[in-house]
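> Chains as they are written, first to last, in the numbering used here: chain Z, 35 to 920; chain A, 11 to 121.
Please note: incorrect hints may appear among the correct ones.
[Claimed, not checked] Computed footprint of chain Z on chain A, listed as stretches where at least three residues anywhere in the stretch have a Cβ under 8 Å from a Cβ of chain Z:
1) 24 to 38
2) 85 to 95
3) 99 to 113
[To be verified] Straight-line alpha carbon distances no greater than 27 Å define the calculated BS3-like cross-link-like pairs of lysine-lysine that follow:
4) Z/LYS111 x A/LYS73
5) A/LYS117 x Z/LYS101
6) Z/LYS308 x Z/LYS580
7) Z/LYS79 x A/LYS45
8) Z/LYS101 x A/LYS28
9) A/LYS119 x Z/LYS101
10) Z/LYS848 x Z/LYS910
11) A/LYS117 x A/LYS73
12) A/LYS73 x Z/LYS101
Derived by calculation from the structure, the hints in this document are not laboratory data. Note that beta-carbon positions come from the ideal geometry of N, C-alpha and C, so glycine has one too.
Residues per chain, in single letters:
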Amino acid sequence: MRRPRWIYTIPLRLRSLFRRAQVEQELDEELRYHLERQVNENIAKGMTADEARHAALLAMGGVERRKEECRDTRRVKLIEDLMQDLYYGVRTLRKSPGFTAVAVLTLTLGIGATTALYSLFNALLFRPLPFHDPDRLVRIYKTIPQSQVWPHPPAHYLDYKLQNKVFVSMAAFYNNGFDLAEAGQPPEHVHGMNVSADFFPILGVEPLMGRVFRADEDQPGRNQVIVLSHDLWRNRFAGDPHIVGRTLRDSGEAVTVLGVMPAGFDHAPLWWNKVEAWRPLALTDEQRRERKLNSVNVLARLNPGVSLAQAQAEMSAIAARLAQEHFEHNCSVRVTPLKGSVTGDTGQRIAFFTLGLSGFVLLIACANLAHLQMVRATGRAREYVIRAALGAKRSRLIRQSLTESLLLALIGGALGLLLAVWGSGYVGRHVIINNQVGIAIPIDSAVMIFSLLVTLLTGVAFGATPAWIGSRVDLNEALKQGNRGTTAHHSHHRLRHWLIAAEVALALVSLAGAGLFVNGLYRFTHSDPGWRVENLLKGYLILPDKKYSTVDSRRSYYQKLQTRLTTLPGVAHVALSTRLPLDAFPIKGGFIVAGQPEPPRGDEPVLSINQVSSGYFATLGMRLIEGRDFTTADINDASTAVIINETTARRFWPGESAIGKRFRYLDSEIAWQEIVGVVSDVHYASSVLSKPFTPYQVYEPLDREAFNFAAITLSGAAPPEAFTNSVRRVVAEIDPDQPVSQLEPAQRAVERGIASLSLLGSILMGFSFLGLLLAALGIYGVMSGFVVQRTYEIGIRVAMGAQTRDVIWLVLGKGLRLTLMGSGIGIIGAIGIGRLLTAALPRLPARDPWSIVLVAALLIVVALVACWLPAHRAAKTDPMTALRHD
Amino acid sequence: MSKPTDLVQGTLDLLILKILALEPLHGWAIGQRLKQVSGDVLSVSDGSLYPALHKLEQEGWIKAEWKPSENNRRAKFYSLTRLGRQELEKEAANWNRLSSAISRVVKLKEA
Chain Z
35 MRRPRWIYTI
45 PLRLRSLFRR
55 AQVEQELDEE
65 LRYHLERQVN
75 ENIAKGMTAD
85 EARHAALLAM
95 GGVERRKEEC
105 RDTRRVKLIE
115 DLMQDLYYGV
125 RTLRKSPGFT
135 AVAVLTLTLG
145 IGATTALYSL
155 FNALLFRPLP
165 FHDPDRLVRI
175 YKTIPQSQVW
185 PHPPAHYLDY
195 KLQNKVFVSM
205 AAFYNNGFDL
215 AEAGQPPEHV
225 HGMNVSADFF
235 PILGVEPLMG
245 RVFRADEDQP
255 GRNQVIVLSH
265 DLWRNRFAGD
275 PHIVGRTLRD
285 SGEAVTVLGV
295 MPAGFDHAPL
305 WWNKVEAWRP
315 LALTDEQRRE
325 RKLNSVNVLA
335 RLNPGVSLAQ
345 AQAEMSAIAA
355 RLAQEHFEHN
365 CSVRVTPLKG
375 SVTGDTGQRI
385 AFFTLGLSGF
395 VLLIACANLA
405 HLQMVRATGR
415 AREYVIRAAL
425 GAKRSRLIRQ
435 SLTESLLLAL
445 IGGALGLLLA
455 VWGSGYVGRH
465 VIINNQVGIA
475 IPIDSAVMIF
485 SLLVTLLTGV
495 AFGATPAWIG
505 SRVDLNEALK
515 QGNRGTTAHH
525 SHHRLRHWLI
535 AAEVALALVS
545 LAGAGLFVNG
555 LYRFTHSDPG
565 WRVENLLKGY
575 LILPDKKYST
585 VDSRRSYYQK
595 LQTRLTTLPG
605 VAHVALSTRL
615 PLDAFPIKGG
625 FIVAGQPEPP
635 RGDEPVLSIN
645 QVSSGYFATL
655 GMRLIEGRDF
665 TTADINDAST
675 AVIINETTAR
685 RFWPGESAIG
695 KRFRYLDSEI
705 AWQEIVGVVS
715 DVHYASSVLS
725 KPFTPYQVYE
735 PLDREAFNFA
745 AITLSGAAPP
755 EAFTNSVRRV
765 VAEIDPDQPV
775 SQLEPAQRAV
785 ERGIASLSLL
795 GSILMGFSFL
805 GLLLAALGIY
815 GVMSGFVVQR
825 TYEIGIRVAM
835 GAQTRDVIWL
845 VLGKGLRLTL
855 MGSGIGIIGA
865 IGIGRLLTAA
875 LPRLPARDPW
885 SIVLVAALLI
895 VVALVACWLP
905 AHRAAKTDPM
915 TALRHD
Chain A
11 MSKPTDLVQG
21 TLDLLILKIL
31 ALEPLHGWAI
41 GQRLKQVSGD
51 VLSVSDGSLY
61 PALHKLEQEG
71 WIKAEWKPSE
81 NNRRAKFYSL
91 TRLGRQELEK
101 EAANWNRLSS
111 AISRVVKLKE
121 A
């Protein structure tokens, strides 16, 4: 049998590396044995002992040289050199603890912060979804002119499911809430979903305990089952190991707990809202025929080998066929990967924007460290020269220097990773995604690899330049000139000056980027939303269908509630409505305006409908511009009175009064609606991330349909929190089984909506100020170096009669020129960053030249201070000392 | 291995392998044997013998073992590995081909 070569060689290499002492000793012994034999032989030939020894050594031709030749055959030189460099690196770093501490601290902050930021985005956006083979999962949206993410009518979904040949299977779901209670306890509202039986199998995740729905449980009448999320099980049921089989009550209906899903399955960023429980979709026969009401979301798994484009083509074809069969306008569909189906490009863009800015800060850190290394390299020029003179190759010197930088970077990177673990834990506890406070931010292999890459890049970035410069020392010149000459290379100086300009530019861009973001966010949240955000208490009610099955029962409930709340002491305004300006996804419906040409089918304008009680406009502080508010006369089934917002009035009835004008909803047998009033516009407070939509708003009387869900709003003389308990008491007095959820000041909800962005803004600001600080330190360092080098020259100048002012100006002028140059470049970069930000977040008012000017001014001031300190020191130069300075 | 080695170096390797194919020897004895069999024509300096031995060892062609020598001292004995035997055959064949080619060229008569 042929044995491979490595069987012989690998043990030899390992032995050469790890048993070096023994190998060396054997080499020595082998050669000594040879010499001894040769000496004996020579003596036998008749030489004297001394002659014999001399002849033997001569024949060998230098024992040490031969040894080195033997060592060279060992093929482990590269590794041995590395070990030597590492050893040498550790020794030099230990010899200059000040430098090492500053460098490690800089690196820890830079790498740690960047890694923490990456781990956040990794958890939210980059990481594969927690499902089986997640790349094959898709969302299928209906598209209408106003939205690319519309749900489908159930009958369409069933047709798609039946007719397609591109998906393994397809599932439907919608977000819902459940009022869960255990015997003898008040109900609690939890967020959840109703899902078809295919939902769990498509995602391919097994439950942690128990089982998920069977197909036969996905039917009306047999659907009294529920699956819990890991969090709900842990927090609400204290991780009860016997939860499976327990009976809970959902709005009075007994439901059996089937199972518990594993942690992380309820991946918050994906489902618009947090998900704590799942119940079957259980479409009724009536729902299965529904082709108008868009109510279900659809997700599917692609068949093996089917591409996204093929799936899209097939779905488009089916949608077109359905549109023809059912005379329906506009039925286009969009197939998109499940991952990113919610955050879309915006999330990615924010991620890259923020990571980019943090990269700038890291670059500033690199520039600082490069400068420090350069200073040390000049200080060590003599050492380089001597080593070069002794025959060290240039590549060897560069490698030595790089090893040292990489060693520093790795120490900084390791500490940075620790910082990132802590930092991402902190951010994870405070970030709010879709109403869920806190997410798990794992430090997984992707984060590790990212931080390692950043570390290595940093090490090379700040190590390569000084290494190259250090190795470029001209031997002859250097040895001739001794100490002084080696430090005075012109290219050397130019490079350092460029470092100042670059640091200023980088700091300016990152500060401006963060400033534009934070200021834009501030201006967005503090722009007048058109409604009372402060001093408003809000909460939501969902009336169980079983208990309040008739319109009348709901009307009387709402009327009783409003009356009781109004009589609470200190309350000025109380209103009920189906929507609040806080809710990001208002109901919409297409409409046609009477007496105006009908737009082409499918292109009708869409209205957000809000059904409101009397007093709604006063409670929310909206202005009635024209016409009247609703009166009790509007509360009857025949009433067609509606109120519209200003924008709608101006758009459809420009230059005339909208009062008395009429419009009709599409897909509806409801009569023409008559406009009785026009109110001021309101803006949705927390939708800075979403695309701007046409805010055509219409208000109808709440009691017209009296849906089973309503929002309570209340304001009065006292701060909103003061009313929380009395509102709860009133609700409980009317119906003890009825929970009211998310009862809190509206302000708090608004802040929560943008909390993550605010947090991001704070992180960015922190980053930028870190960058500013680093840049200031860098400029100070470079200018100090400049002063030290010019001490001789300054000494001559002072001796020739230069005044303090002249000397200060010599240094300050130099610094100012470089700072201005950097600022110029930085301003161009900042304008670019502003453009990028506007492209990423169109709703953010980021066009903000004053912020950029302010940031530039701040930087110039900081740079001047950083230059002034060395300048001041230079001015105090004593010419006698300076001229003797070597 | 496929790369052409320096003639002298390559030749020395071949000689060492051939000598070790007969019996395991230590460095000094290899040097003595070389002088013996080549009738002092191919005298290899003691100096270049050891790097050559170490190279062959690192290549995996010969292996070393510490054993008592004929004068009862510990010495490093080299012997051929299986891989070394293959290498020897290859190198010997190469050598034969090369030397016969060269001798044919040398025997050419001037026209």
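> With the threshold set at 27 Å, check whether the alpha-carbon distance from A/LYS119 to Z/LYS101 stays at or below it.
48 Å, violated
> Do the alpha carbons of Z/LYS848 and Z/LYS910 lie within 27 Å of each other, as the hint requires?
Holds: Z/LYS848 and Z/LYS910 sit about 18 Å apart, inside 27 Å.
> Please work out if Z/LYS308 and Z/LYS580 have their alpha carbons no farther apart than 27 Å.
Holds. Z/LYS308 to Z/LYS580 sits at ~25 Å (cutoff 27 Å).
> Does A/LYS73 lie within 27 Å of Z/LYS111 when you go C-alpha to C-alpha?
21 Å, holds
> Would you mind confirming whether the straight-line C-alpha gap from Z/LYS101 to A/LYS28 stays at or under 27 Å?
Between Z/LYS101 and A/LYS28 the Cα gap is close to 24 Å, so the pair holds against 27 Å.
> Would the pair A/LYS117 and Z/LYS101 pass a check requiring their Cα atoms to be no farther apart than 27 Å?
43 Å, violated
> Under the criterion that the straight-line Cα-Cα distance not exceed 27 Å, is the pair Z/LYS79, A/LYS45 satisfied?
16 Å, holds
> Holds or violated: the stretch 24 to 38 of chain A covered by chain Z, criterion of 3 or more residues with Cβ-Cβ distance under 8 Å?
Coverage by chain Z holds for the stretch 24 to 38 of chain A (3 residues, Cβ < 8 Å).
> Between A/LYS73 and Z/LYS101, does the CA-CA distance stay at or below 27 Å?
18 Å, holds
> Please check whether the stretch 85 to 95 of chain A has three or more residues whose CB lies within less than 8 Å of a CB on chain Z.
holds (count 5)
> Quick check: do three or more residues in the stretch 99 to 113 of chain A have a beta carbon closer than 8 Å to a beta carbon of chain Z?
violated (count 0)
> Decide if the proposed pair is consistent with the structure: A/LYS117 and A/LYS73, CA atoms, cutoff 27 Å inclusive.
40 Å, violated
Violation of the numbered hints given earlier is confined to hints 3, 5, 9 and 11; the remaining hints are satisfied by the structure.
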